[in-house]
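*Asks:* Model the full structure from these sequences, guided by the hints.
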Amino acid sequence: MDLSDGGVRNEDPGAGGYAMFTWNFQFVSKAKLAETFNQLMLEREKGDILIRIHTAIHKGDEAVELAAFIKSLAPKARIFGTSTSAVISGGRLLHDQCVISVTRMNEGKIKSARIDFKDPESGLLLSPDILCRKIDEEVLRDDTKMMLCFVTGKYGDVYDFVETTNDYFPGVQMIGGVANAPAIAVESFSESGFVFDETGWSEDSLMVASISGRRVESVSSYATGACVIGDEMEVTKTDGAKVLTIDGVPAPEKFREDIGDDVREHPELAILFPYVYAGTDDVPVLMLYSEDFLSANHNVTAGKRIKRAFIYDRKMVSDNRTLFEKIENFEKAETIFGYSCTARSMLYSNCVKWELSIYENSNMCGCITEGEFVWANGRNTFANCAFSVSAVGEAPTVQQYNPYVLSHTATLKTDNRKLIDYLTVMEDRLEREENYAVADRLKEFISKFESKILYAEEEFMNEAALNMDISLRGYDRICVINVLDTTGMRLVFSDQMIAATRKNYMNKCAKFAQSKRYRFYLLDRWEIVIAAPSYMVSLYNFSKDMRELQKELSRFTEEDIAIVPVFCVLNDCRVESVRNVYSAARVEMMKKNVQFHVHSMRESNPDAEIMRERYHMVNVINYALSHDKVIPHYQGIYDSKENTIRHYESLMRLEDESGRIYYPGEFLDVARAYGLLYDSLSITMIRKVFERFKDIEDRSVSINLSMRDIKNEEIINYIYDFLSTVAHPGNFVFEILENEDVDDYNSLVRFVDNIHRYGGLISIDDFGAGYSNLQHLTSIHSDYIKIDGSIVRNCCNDSESEKLVALIMGWKDLSDRDIRVVAEFVENEEICNKLKLYNVDCLQGYYFSRPSTEIK
Amino acid sequence: MKNRSDSLKTIGLVVEDSFTDFSKEVIHSVAHAMIGRPDFRLVVVAGRYDGSEDPADKKHQYNLVYNTIYQLESDCQFDGMILTIPGAEGLLHGLDPKIPKVFVALEREGETTVNYDNETGIREAIEYLVNIKGVNKLCMLGGRDDNADAQKRKDIFKRCLESLNLTFDENCYEPSEMNIASEAASKALLDRNPDVQAVFCVNDQTAFGLYQEMKRRGIVPGRDVYVFGFDNTQMAGDMIPPLASVGSAEITLGQRAIELLMMKMNGKEVESATVPTRLYGRESLRYDMYQYTAMEMLTADHDFIYRMFDDCFYRYKNEIIEPGAINLRRLFFEFISRMLLAKKNRFMSEETFWEIAELIEIFFDNGAMMYTDANKFIQSLGRLQGALNVDQNSIYINHKNNRLFSMARDHAIRSQFIRRNTESRHVNDGRNRIFDFQVETSGFMDHEPGDLTTIVENFSRIGLSNAGLFMFSEPYIYDGKKDHKFSDRINLVCVTRNGDPYVLPEERRDTALSDIFCREELIYEGRGLTAYPLFYGNEVYGFVVCGMTWQMLNMGEFYAGQLSRCIHMNL
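In order, the protein sequences belong to chains H and U. Heads up: the first sequence at position 842 corresponds to 841 in numbering that gives the first Met the number 0, and the numbers run straight through without jumps. Heads up: the second sequence at position 255 corresponds to 254 in numbering that gives the first Met the number 0, and the numbers run straight through without jumps.
Where hints are given, some of them may not hold.
Said to hold, decoys possible - Within a straight-line C-alpha distance of at most 30 Å, the following computed DSS-like cross-link-like pairs (lysine-lysine) qualify: (1) U:K316 - H:K543; (2) H:K325 - U:K343; (3) U:K8 - H:K591; (4) U:K316 - U:K8; (5) H:K507 - H:K591; (6) H:K58 - H:K117.
Unchecked claim - Taking beta-carbon pairs under 10 Å as the criterion, some of the chain H residues facing chain U (in silico): (7) E327; (8) S470; (9) R472; (10) G473; (11) Y534; (12) M535; (13) Y539; (14) N540; (15) S542; (16) N570; (17) D571; (18) E575.
The set of hints was computed from the structure by calculation and includes no laboratory data. These numbers come from a predicted model, not from an experiment. Note that CB positions come from ideal geometry on N, CA and C, so glycine has one too.
*Replies:* Put into structure tokens, the structure is as follows:
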């Protein structure tokens, strides 16, 4: 005999004797059985003993022999035997096994009896009243708390019998059910099981045992997972256990109306859709389908109001949670009985395994039955498709449970998937067969419940929950995940596709968070937070996991829209500052264009300094604009052919209240960021330069323009107007900055053409630096090109730079265009001489002239 | 020292020996204080204490050459220095006065120093012994005469006795070398004072020798004679029975020193500081630093749980914890509070139970035991458990809590076991590697003297994961003169990076001696770098510069010594 998980032996300090205990074991052989009983030393101790045998491997006579053998080992014990298709032992469902559970009481009393429910003379079934009276005589005591009872399927009035017990022994919790036959098969559904003790076995008997005692306490509960759908209906005609019509319609027809014709070929599908009585919403009434009637083993009579129900995972989970809480909170849970329905084990096989595994480490023992007695709302009642659990004990004790099961419900989905698949197929078929009315009803049904079943996890925790967890539970390591530019997505993709992508994205995140035992919150449509407490996981590991998730999310399937979620890990979060810090972190991420960033709240925020600088700069610019402190400086450009300075480049300077001069490097970025400021600066500058040079004949000037300026209608129109009115438009050269990507080529070309038409000139600035593109040389008809200062500066000590200058001059020679080359940053004589060697047309730099407000 | 960039600053930590518990403690706390300061790097230069003047003493000869390593401290211009070399004051002659410096556990005129406030802790111990335990015969196992700290502790010992109306008798005092080889001194002290009731050891290491001698005589510390030490090093908790010791109360010497140094480097004026001390009670003195009351436990008071943590894991609050690490203090609070709450509410769900079990596992997996000593923890836990079990009204909760307590104990024991096992495995591993290295570099068939190729190629076998082998072109010959000077140039011959070997090409080897801690090839692991001299007889071949790990502090000198011998044989 295999000693499986036994109960904990518990010395009860108040009782002065031996405490109640329970041992469960699977039957291996008689020898092993004898050895184990010997070890248990049952006979040396006081107390009544109940030995339950649930067997799926013995026929009637064998079972009796086993019972007799056990009785010989423990003569005082009461034997309570039933047949079954599968046993439950230690929270596992075992097919083709026999389980023996020994419960020894301390003070409590056990009585048991096997009572025939057939009248020996007439062969008729005894009425529930007579049975109850017999039970009362045989086993009941004043202090009976719990009654273990099994009948066989041959007793048709089980429902009435259970209801009647409430009148005879109110308050006594009944557990047990209808014993089923050893082989699990749909065909054997109507075959009867049997009950037995050491004196014999019978298919026409009822086995009952009472557990009584002053200190005995018990608790019972059940889970079904049944959820009501649809309206109330009335059973209109019955014949015994047969339901003939519902709402006046033949019952099978009514049934098919709701779930389709497939039930004709697969009557077992009916189990998926049990009825419930209006009123007791979660006790299913199973009806078997046949072509002429529905048969129920409940006492379904005409006039009863019923509702259609079905069984789905979330209800299953919540029912089981309620059930488990009751059992877990019960301190005296020494012996745990668990009975589950055969219908359940067939259609919800995953579910049964799942719900049993909650009790995996406990000493739960029981079996599969054809119907269960449950204790609902203070009454005993008969239910189908239920999982009923009872615990009984005399003194506080300790049981092990496995409650994590309640949060790992993935296996349940399989069952539901099957259900939904079936319904979808049905819907299709009905439509093809032009049975639209039924198809529509089914469709409505599916759309109503599909979301409930499959997307149960859509209900996420929100920001309030996050804040609570941060402040109360120390979840101060968080990762904010967001998908940007979802507006753009809407332009291209259908709403359904976006919804599917979002669902997939969230489910991936949620599942990942769950697998790592992090918490998951949904803040906004696409904004997700995953949080962990700093006392559970190091920042390093948390970030590593988040990177893994990011990688996971970037694996798209074909149905999905490609999204790039940005991850921002924040360390040391506090509720009051989490939003601010997140914003700061996001700014940093934008700046660096990164999609993953770790930000610690403790770090001093270097951005604050930068931001302060920025705002200072904005003030300076505003001041300069409003106080006429945008000051053009002019740097002379030396013409190496004529050896004179006749051309100037205009350079912008700003001055603040204190007279300090600001250079473009300091303010241009800020001005660009505030686009309008930049525009104002540009136009002011251009105006001033024009004003200064419009009446000078022998001096020319360059003005820097950026792509932004060229796209600004106001500016270019001003330039065109000016050029068309000025006397010497050829004195004005427009330097186009190449450091910005020229994204709008057409407007650039148009601008260049227009300038030429008005008689102005064009120069390409910073040639050879940054984004410069040789293509500009060919497509933009510039009059000047300016070699980038970094090349010029190095041309004496770096041969590669020198070669570049040579290359540009060589190109100029080859080209037949009239183009002049300007070199800037000519800082000393050495550079000057070198450039002269290459015949560079114009030289600009400190060696010749420094920028000043004056023109010589 | 020329830095890689202006923003990177190097801090030199000069210690007497790298392997003593005191030095390790200082190195550890300085290294930890620099966590999260990527702009600073730590370089440890460790010499060897040399107590002998006898020219014929082999150990003295060895130490003299070994201590040429101190030359690095002036050759490599550090940006700041922390010095703690009580026995080698003579070596501090040529220090550049411009470099900001802080001296630890040293008295020096006109310099910034950080010292223990020796008195508070010693007084706490002596008053406890005299007033509570009724002891009237106390002895002291003192230190070297040239050690200012040791002398101060002796004075305080004397003062404390006198203030308690006990007389100090020179018979009750015995100087020692302040290291674990103090058995002879202990023997002399015990011989003279057979009726001694309590012994104060000038530091924890000295107590080790005393323990040995007491064991030989069948005297049990804490039962027959009370013993307490000083410095509260890791070693104190590891001794059997654990040694009560006086240690820093709030902040460690190393942390204070680095604080002051940073201020000095930023150009601020700083004053010398003292670090307050207190007594850390353990078996050898049966002293509870903090007593829990049953009331506190049963009300599951927040402050109480944190106080219990600070008491139990007393090293944690002195530690600078990386901001990304697991917050053990909060974690402790989480599981203890849940246990206490369950007791209060008389209900603990199975789910909570396993959650707590998981928290306990995380707690110990993340090195909680590094911050306490096993006995201290187990005792505190036992007291808490006992108090919770007194109330028998819910055996269900008691059962669950007791299971959790025993889980915690199991984890504690297991993590201690793993720590010890790992340590000894490291030592064995190191020994095997050295052996392997020696075999590889000393074959006889193709052995050609003057060829170091095999050594260079097999350098990674020694098992230094991040290290560089620096060698002079010609060995430097130590001539015994005080003002020796290494060559300015040295060759970085090969490096290991995360265990992988790289032999440098000839043309890239040459480097300035002052740059040996700055070569890009070395990986700076965040805790610090340290150097060991390679020498045999009076020939100094160069240095091994490596990432500072615990293993290196223990074994570095041994590795370097073996490597030196191989070089010597191949030259």
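*Asks:* Run through the hints listed earlier and report the numbers of any the structure violates, in increasing order.
*Replies:* Numbers 8 and 18 - these are the hints that the structure violates, sorted from lowest upward.
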